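Working from the sequences, and respecting the hints, build out all of it.
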Amino acid sequence: MCGVDYLGSYRLLGLLLILGAAFFTVAFTANRLLSRRAPSAGKNATYECGIDPVGGDWAQAQVRYYVYAYLYVLFAVESVFLFPWAVTYALDGFGMVTVVEMAIFVAVLALGLLYAWRKRVLSWT
Amino acid sequence: MTVTDILLLALGAVAAGSALRVVTTTHIVRAGLWLVVALGAMAACYLVLTAELVAWVQVLIYVGAVVVLLLFATMLTRAPIGPSPELDRARFPAALIGLGSGGGLAALFIFGYRWGKAELAAPGTAGVLGKEIFSGWVLPFEVLSILLLAALVGAIVVSRGERS
Numbered sequence: 357m358c359g360v361d362y363l364g365s366y367r368l369l370g371l372l373l374i375l376g377a378a379f380f381t382v383a384f385t386a387n388r389l390l391s392r393r394a395p396s397a398g399k400n401a402t403y404e405c406g407i408d409p410v411g412g413d414w415a416q417a418q419v420r421y422y423v424y425a426y427l428y429v430l431f432a433v434e435s436v437f438l439f440p441w442a443v444t445y446a447l448d449g450f451g452m453v454t455v456v457e458m459a460i461f462v463a464v465l466a467l468g469l470l471y472a473w474r475k476r477v478l479s480w481t
Numbered sequence: 014m015t016v017t018d019i020l021l022l023a024l025g026a027v028a029a030g031s032a033l034r035v036v037t038t039t040h041i042v043r044a045g046l047w048l049v050v051a052l053g054a055m056a057a058c059y060l061v062l063t064a065e066l067v068a069w070v071q072v073l074i075y076v077g078a079v080v081v082l083l084l085f086a087t088m089l090t091r092a093p094i095g096p097s098p099e100l101d102r103a104r105f106p107a108a109l110i111g112l113g114s115g116g117g118l119a120a121l122f123i124f125g126y127r128w129g130k131a132e133l134a135a136p137g138t139a140g141v142l143g144k145e146i147f148s149g150w151v152l153p154f155e156v157l158s159i160l161l162l163a164a165l166v167g168a169i170v171v172s173r174g175e176r177s
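Line by line, the protein sequences give chains A and B.
Those letters in the first sequence? Residues 357 to 481, by the numbering used here.
Those letters in the second sequence? Residues 14 to 177, by the numbering used here.
Take the hints with a grain of salt, since some may be wrong.
[As the list claims (entries may be wrong)] Quick list of the computed label-pair ranges, beta carbon to beta carbon:
#: 1; chain 1: B; residue 1: K130; chain 2: A; residue 2: A383; range: 40 to 50 Å
#: 2; chain 1: B; residue 1: A120; chain 2: A; residue 2: S479; range: 49 to 59 Å
#: 3; chain 1: B; residue 1: G25; chain 2: A; residue 2: R420; range: 32 to 42 Å
Treat the hints as calculated values from the structure; they're not laboratory data.
Here the structure is a predicted model, which is why all the values come from computation and not from measurement.
Here a beta-carbon is modelled for each residue, glycine too, at the ideal position from N, C-alpha and C.
Right, here's the structure in full:
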């Protein structure tokens, strides 16, 4: 039943993607062709108030970023299930039972948020 | 060859090529960024195969969240800016295992389907998926919440270390 009209609904998106990639490629190629380059070691050095940098970079991250990213994954997965639920629960044959099912799902995940809050993961100090 | 065949071949080539770059690049952060391309091409494959919602979920969860998590994880252990060739292991066993499992799966699919033709299903929209989940797959759906909860508690316990 699908085919041309299904793929056709994504025609504009595909065209935009191709145009975007082409724009990016043309812009960067033109820049590469037109610009003058005279690389030197001094230009690659990190600029820090005119003082030569000493030692290496320090870019270690804290573990709490990871927990925040994980919390984001968790609630992204939850919201993904909210989409099919939102278009289904009002249909015939679903109704209250489906609402309760989603309530249990959200409640279990809220337990996780509660745990994170009680363990002071959410406070940034 | 139909439009679907051509699109699947092109997207499969993009996915396989970028997946190859994930394991061959020496910059570990670039490996994560190539993973975005590979997963995005796979999402486009799902889209061509009319699994609409799954494709956008792939973009939202894998490209948007899991890759961020992976990048944070590499940032936690080390935040390398240049190439890190010391991360390379012996390539021979890994190549053998990769080729073996990939070739085995490909052979399985080819012998399973031969040259039979499969009609594409009706677009898998949120409505279709919702009816399936909330009529026949409620228990796995609820178990999933327990799994996510366990993973979150585990992540918090591990990240807090001995301080508690």
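* Asked: Which numbered hints turn out to be false for this structure?
  -> none
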